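Q: Got chain A sorted already, so can you dock chain B onto it with the hints?
As given, the protein sequences belong to chains A and B, one line each in that order. Start counting the first sequence at 282; every next residue gets the next number (this note's numbering). Start counting the second sequence at 56; every next residue gets the next number (this note's numbering).
Since the hints were made in silico from the structure, they are not lab data. Note that the structure is predicted; figures quoted are calculated from it, not measured. One or more of the hints may lead you astray.
Some, not all, of what chain B presents toward chain A, calculated at C-beta under 10 Å [to be verified]:
no., residue
1, P454
2, K455
3, V457
4, E459
5, G460
6, S461
7, Y462
8, L464
9, A466
10, T467
11, E470
12, V475
13, P478
14, Q479
15, R581
Even for Gly, the Cβ is constructed at its ideal location relative to N, Cα and C.
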Amino acid sequence: MENYYGKKEKNMIVPDPIVNIIDLILYYGKIKALKGIHLDIAKKKITSFIGPSGCGKSTLIRCLNRMNDLVEGVKIEGTVKIDGEDIYAPAVDVTELRRRVGMVFQKPNPFPKSIYENVVYGPRVQGIHKKSALDEICEKALKKAALWDEVKDRLRVSALDLSGGQQQRICIARAIAVEPEIILLDEPCSALDPIATAKIEDMLVELKTDYTVIIVTHNMQQAARISEFTGFFMHGELVEFDVTTEIFTNPHEKQTEDYITGRFG
Amino acid sequence: MKKFLRTGNPYIWLTACALTISMLMVGGLVALITMKGLGIFWPHTIVKFTLQDGTVVLGEIEKEEPIPQKKGMYRTKLKVGNRDVYGMDFRWIDNTDIISREYPLYALTFERREWGNMYGFLKGLKQDGDIQPLNLKELAPLREESKALLKRIRYIERKVIGKINYQMEKYRLALKHLMTQQYSVKAQEDIEEVKAKVENLEKTYREKEDMLAGLYAQAKEKEIIVLLADGKEKNIPVFNIIRVYAPNEMGVFAKIGFYLMKLWEFVSTEPREANTEGGIFPAIFGTVMMVFIMSIAVVPFGVLTAVYLREYADDNIVARLIRISVSNLAGVPSIVFGVFGLGFFIYFVGGNIDKVFFSESLPAPTFGTGGILWASLTLALLTVPVVVVATEEGLSAVPKSVREGSYALGATKFETLWKVVIPQATPGILTGTILAMARAAGEVAPLMLTGVVKLAPSLPVDQYFPYIHFERKFMHLGFHIYDVGFQSPNVEAAIPMVYTTTLVLLFIVLVLNLTAIVMRNKLRKRYRTTAL
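One chain only, chain A, in its complex shape (with noise of 0.2 Å):
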């Protein structure tokens, strides 16, 4: 297979990109958290991050709905484009960018309400109110997040009531019901057991025909199983970016070599 990287850009040309990162430095305070990340991001497929512990992945992708502006002392350089739009621009609407741009988390954050209540709380917030098309979002989501067929008969019931895995899918299905192009998902197994891992698994490569899906994670494998390009982070930095299959067979860089074959990390 041929090798988009480039040696000295750091910027592979992937096919048909939603999203464009140019020169991206963050500051939290006076720590350089990211140093200058170049990067583009295809349209409808999975791309993961991975590297170790503090290498920036999930500061990366928390810069893409503006998360990091809740933090105090960050400071961004650089520019993200989505759909060729300064997301960065004083006129962005933020609660209209994260609406675009959903997020899941890595611990499972249902709110204490209702599975329906958690479900259609973005709409809601939207403005839609008509109990006919809340009822019809909440059904849409849940099927897509695999959840539709345990929870049907109890949407009343509190979404804490269920298990780990369930919760996280709950959160999953809260973000695609306001119908995001993209769904950032920050290390969303890392609390999981291996069966409900393989349920979010399948379910997020069957959102690829919908969504852009941008996952972090500490686990390989998954980056394998499921996605299409793999960024490898280090210290702040993109050191290598390319085809999943290619990063981690014939790996360019010999960082990105040790980290996969485990020699550190």
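A: Just chain B now, with coordinates in the frame of chain A:
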């Protein structure tokens, strides 16, 4: 020894001892109040002592104690009642003076509308100068008669004359208002009209008053003659008797029935005889109503303050200063809040309300004097720190992940707060409310400056528009305890009432708290954070 100290065991013992002592103190306090408070309704046996000097006394044994410095000798405190005859309720008797001790079956306790209890034997009935013998059974229909009479008198006093007074006051204000208007024929006519109405009312008032005087005279017509222990006779109008019973004759079940009836009377009726007899219903009502008004005022205010402090304000020196000041407010002596309530709420706010809305009745103040609203607001200020601190804790306990989840779905900060964070903080808010309510129910000092009275003529809620009278003075259990125990004309006889009233206050605080705790636990279950 050093090794032993290092194990830490002595410290465990020390802490355990401290805990035990505090528990004992709290338990002892409650036990003492319960024992002393619940005892007073039990019908006490009447004892008849014949003393060495030949006097005979009749009464209830209050207590018996050893005489200091005289070994093996005791003296008895006897409640002899009959304050109108003997001048005092109690008498100390050395046990060595007692020759005989009897429990006469037909000794009666008379509960009276004035002068406290009377102990004696029923001798006869005096009616229109005639005297005829009478027994306890024959007294019952007479008592029914006087009860009906009392009901009529009360009806005329409260409802009829109350209504006349209410209307008179309205016309008086209308007249005052008309007088201030510019002279015109129309105004003159109106004034005449109102004056005529007032005259009419005054006429009915006089009629009713005459009627009342007649009824009162009728009430005095029938008197019973009571034979006292020392052979004296005493007449009491049947109307003045509230209850007659022969405790020495009663069985256990009769006593229990009597006890429950007295207990019910205590919590459901109004006080008599300068608060030393009768019930405490107005005080219970005032306390509960005040606590509710206070909660309605303090909870929204405290929660909004806490939300701003915790969620919106930058964590800078000003915010920290405010937070420290708010916490320190909880330590300010409560009388200081009373003074503030008097100066700000009553004189400033109330005075200005009077000037704008009730100018006709000035210089008599409406809101410019103590009242239940001002007392409640003063207590709300006093308890605001409690609510603020508890709410802040509740807010900070809501995990960041849940907030981020909401933001990630495109919710604004306000939506996140309103829909996710505050609902999840409600257990904390309720904890604050519980503490505030408990504190407010027991606070007395600030109330004395802002509207509590010894005896309120009417409840703050009645059938006249606007039904809830926030400007009215009210009675309060805490103040009632102080008043009965230390300000009443007959402190010694009223002491048991102090304990009983305290018990009721404790009970109310307990009920209010339990309600809030049950609510909180339900919500906690609902809003518990993620299991993982």
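Q: List, from low to high, the hint numbers that the structure doesn't satisfy.
A: Of the numbered hints given earlier, the structure breaks none, since each of them holds.
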